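Chemist: Sequences listed follow chains A, B and C, in order.
Everything in the first sequence is counted per the numbering used here, starting at 1 for the first residue and increasing by one.
Everything in the second sequence is counted per the numbering used here, starting at 1001 for the first residue and increasing by one.
Everything in the third sequence is counted per the numbering used here, starting at 2001 for the first residue and increasing by one.
No lab work stands behind these hints: they were computed from the structure.
Bear in mind that the values here come from a model prediction, so they are computed numbers and not experimental data.
You may find that some hints are simply not true.
Pairwise CB distance ranges (calculated) [to be verified]:
#1 W2100(C) to S185(A): 54 to 62 Å
#2 E214(A) to D2178(C): 52 to 60 Å
#3 D74(A) to P2152(C): 34 to 42 Å
#4 E1038(B) to M2183(C): 36 to 44 Å
#5 S196(A) to R1039(B): 53 to 61 Å
#6 T207(A) to Q1046(B): 50 to 58 Å
27 Å max Cα-Cα, derived DSSO-like pairs, lysine-lysine [as the list claims (entries may be wrong)]:
#7 K10(A) to K157(A)
#8 K2182(C) to K1033(B)
#9 K1035(B) to K2182(C)
#10 K2182(C) to K2135(C)
#11 K1033(B) to K2069(C)
#12 K2202(C) to K1042(B)
Yeah, the Cβ is synthetic: ideal placement off N, Cα and C, and Gly gets one too.
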Amino acid sequence: MKPVAAIVFKDIAIEYKNKEAFSSMLLFGLLVVVVFSFAFEGSDRKALAPGMLWVAYSFAGILGLNRSLNMEVDNDCLQGLLLSPVSRGDLYLGKVAGNLIFTVLAELVILPFFIILNNLAFDRILLWIAGITLLGTLGFVAIGTTLSLISAQTRMKEVLLPVLQIPMTFPVILSAVQATSLVMSEDSEGVSFPLSLLGVFSTVYITASYFVFEYIVEE
Amino acid sequence: MNPGPTLGLTAVIAAYTVVLGALLVFMVVMSRKRKRLERRRKELKQ
Amino acid sequence: MRSRILGIASLAGIAVALYFALVYAPTEQTMGVLQRVFYFHLPQAILSYVAAFLVGFGSLMYLITRDLKWDRFAYCNAELGVLFTTTTLITGMIWGRLAWNVWWAGDARTNLELILGLLYVGYLMLRVYLPEREKRARLSTVFGFLAVLDVPINYGAIYWWDTQHPKPVLGPRGGGADPDIKMAIYVSLIAFTIVYTWLLTKRLSLARLEDEVGAMESAVEAS
Chain A
1 MKPVAAIVFK DIAIEYKNKE AFSSMLLFGL LVVVVFSFAF EGSDRKALAP
51 GMLWVAYSFA GILGLNRSLN MEVDNDCLQG LLLSPVSRGD LYLGKVAGNL
101 IFTVLAELVI LPFFIILNNL AFDRILLWIA GITLLGTLGF VAIGTTLSLI
151 SAQTRMKEVL LPVLQIPMTF PVILSAVQAT SLVMSEDSEG VSFPLSLLGV
201 FSTVYITASY FVFEYIVEE
Chain B
1001 MNPGPTLGLT AVIAAYTVVL GALLVFMVVM SRKRKRLERR RKELKQ
Chain C
2001 MRSRILGIAS LAGIAVALYF ALVYAPTEQT MGVLQRVFYF HLPQAILSYV
2051 AAFLVGFGSL MYLITRDLKW DRFAYCNAEL GVLFTTTTLI TGMIWGRLAW
2101 NVWWAGDART NLELILGLLY VGYLMLRVYL PEREKRARLS TVFGFLAVLD
2151 VPINYGAIYW WDTQHPKPVL GPRGGGADPD IKMAIYVSLI AFTIVYTWLL
2201 TKRLSLARLE DEVGAMESAV EAS
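All chains, full assembly: derive it from the sequences and hints.
Modeler: This is the structure in structure tokens:
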């Protein structure tokens, strides 16, 4: 556990200093939310809201993943990490935890803006939405960290990440949107399926990536 | 639900053509690639 | 030699399948002649998923053995996957447009097929941008393996979502219990499986040639 924690604290420390990933995710997410609120002027906001929210989250999330990775690849920090006695799997877990924290933080700041701009209600449902956000982002970041490391090694670098990430996280976004929409319409019974699917996705991909990570960073 | 025999048959022919056509295209692309590679192999052997 | 036999068998198979699909099978009651699209559509769909399984299997085998033949196996099946996914979607759209007046049904099956296609394309794109042979094999097999894991998860997510959104009932999916219809389906499936195997064999041999030439080129560059 300690090496994982060390990596997470390192990332937090760096981020705290320059706040690059967080601020760019936040800004981009907010911009997407604003554009959506104009674009969907007059339509059934409540029905479209969950989808809009998660599109904003996905775009911001990909941005954050790319930033987090660029940080490592520039200045060859990744090499440094690999030379240290941290196991590859732990390195992966550390990066996921770091990415998760920053992304969820950004998302939780985006959420109230989203609610205000779309004239939705501020109530107890927010807790549910926060929970869904956390679970969905976990899956998103779990596979995203792996994919960002793969795409960073290609000639196209981070431009390739969305091409790989978006089809793969389709079940995450679908389930998160469905869960959010069910919660917003007060129909909490059906929520258990999408939530468990998010859980399954996260479990499968965290486990798979943990074991497969060494193949990605071999040199 | 049932678009009728003429329209139905046209659709069926169209669909079958798409499938067989796609297979044909795949084969043609493969054979062109093969020719190009074999030429290259000959060149490199010099 | 083997590919020649398979080639002849493929041609024969297609001919037989065409006969069964167009002549032998009776015209279905509800959808009429249009239903015959299904005899070709279904094998394409099934094989598009078989390809996914083979990509996953090949990718895993490469990661275990590091033998490039498995990487070739994985990526040849991915190309066939793109081919069969495309034909599945197009034939499906032809059927959908005429039977239910929609180009895109947006239901579980169509969405799954589309995502599958996008995953294949992503895999092949990844390979395009990885010029070094070993890296290309290693990274794309990791992605291939992870992507194939996604298929059952997607299946669960989309089928559940479908039950949440009752769609206009899209009708019988191809023919029901008539034994002649079933026979035509089986014949067509066998025929296209032979075609798949043949194409795979040819594509694999081409892939070996690609690697051979690639190795020669690197040797020349090195000197």
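Chemist: Run every hint past the structure and note whether it holds.
Modeler: Status of the hints after comparison with the structure:
1. Between W2100(C) and S185(A) the Cβ separation comes to about 28 Å, which falls outside the hinted range of 54 to 62 Å.
2. About 54 Å separates the C-beta atoms of E214(A) and D2178(C), a value consistent with the hinted range of 52 to 60 Å.
3. Look at D74(A) against P2152(C): about 38 Å separates their beta carbons, and that is inside 34 to 42 Å.
4. As the Cβ distance of E1038(B) to M2183(C) is approximately 43 Å, the hint placing it in 36 to 44 Å holds.
5. A hinted range of 53 to 61 Å for the beta carbons of S196(A) and R1039(B) is consistent with their spacing of about 56 Å.
6. A C-beta distance of roughly 52 Å is found between T207(A) and Q1046(B), which places it inside the suggested range of 50 to 58 Å.
7. Restraint check: the Cα-Cα separation between K10(A) and K157(A) comes to about 24 Å, which is no more than 27 Å; the hinted pair holds.
8. Simply put, K2182(C) and K1033(B) have alpha-carbon atoms about 39 Å apart, too far for the 27 Å limit, and the pair is violated.
9. Only pairs whose Cα atoms come within 27 Å are accepted, and K1035(B) paired with K2182(C) is rejected, the gap being roughly 42 Å.
10. The hinted pair formed by K2182(C) and K2135(C) fails the criterion: a straight-line CA distance of about 46 Å is larger than 27 Å.
11. Restraint check for K1033(B) and K2069(C): the C-alpha separation of about 19 Å stays at or below 27 Å, so the hint holds.
12. Proximity of K2202(C) to K1042(B) is assessed by CA-CA distance (about 20 Å); at most 27 Å being required, the pair is judged to hold.
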